[in-house]
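> The primary structure of each chain is shown beneath.
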Amino acid sequence: DVKVTQSSRYLVKRTGEKVFLECVQDMDHENMFWYRQDPGLGLRLIYFSYDVKMKEKGDIPEGYSVSREKKERFSLILESASTNQTSMYLCASRGAGGNTGELFFGEGSRLTVL
Amino acid sequence: GIQVEQSPPDLILQEGANSTLRCNFSDSVNNLQWFHQNPWGQLINLFYIPSGTKQNGRLSATTVATERYSSLYISSSQTTDSGVYFCAVEGNAGNMLTFGGGTRLMVKP
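Protein chains in written order, with my numbering: chain A, 1 to 114; chain B, 1001 to 1109.
If you're looking for bench data, these hints aren't it; they were derived computationally from the structure. Note that the coordinates shown come from a computational prediction; the quantities given were computed from them, not determined experimentally. We put the CB at the ideal spot given by N, CA and C, even for glycine. Only true hints are included.
Just some of the chain B residues that point at chain A, by a computed CB distance under 8 angstroms:
id	residue
1	GLN1033
2	GLY1041
3	GLN1042
4	LEU1043
5	TYR1048
6	MET1096
7	LEU1097
8	PHE1099
9	GLY1101
10	GLY1102
Which chain A residues stay away from chain B? Per the calculated CB distances, all over 10 angstroms, these:
id	residue
11	GLU17
12	LYS18
13	PHE20
14	SER65
15	ILE77
16	GLN85
Take these sequences, add in the hints, and give me the full structure.
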């Protein structure tokens, strides 16, 4: 079975802190994604990566950065957390093959910024 | 980009009832998935179904790509079916999924 693991299920941080959200997948997938989910706004793509050290902006990249140093790991970084970044963060991965392939999600990380 | 609309937005069922959830999309797709988001927030894969019909227990899904819709059918619903159901599609030109707004299902005992 595909497993996508997110490092923390729940986090509470203070405004201005640097926050790291880690995601690891065990299926040798090329593509990895970070989404955030907010009530009434659905799932919105923050960043994705199609290969090691490669990244592409999604719909809402402002205030975030990402790192993909190893194929299995994709990190989301909030350089200076703000209250409007309180949200549910979802990591996902899938294999290569252009625009095909099943997407698998991690359990989610619920971040609260005070 | 491709537009995805799900209906109904909210649905309340009595345990044992059947239901059909709908997903309409605005363009040709290469990829379509159905997910169930459980009360803890995790998105569980239900079907990977860019075309045709699949069944898994009490759930089945059909995608008619030429008519730009997919349906998820839940039979003999159970309280554990409660949660939000998402449809996500990927168009020919893209390499990422676009999600619909979801259908929030509550199954009452």
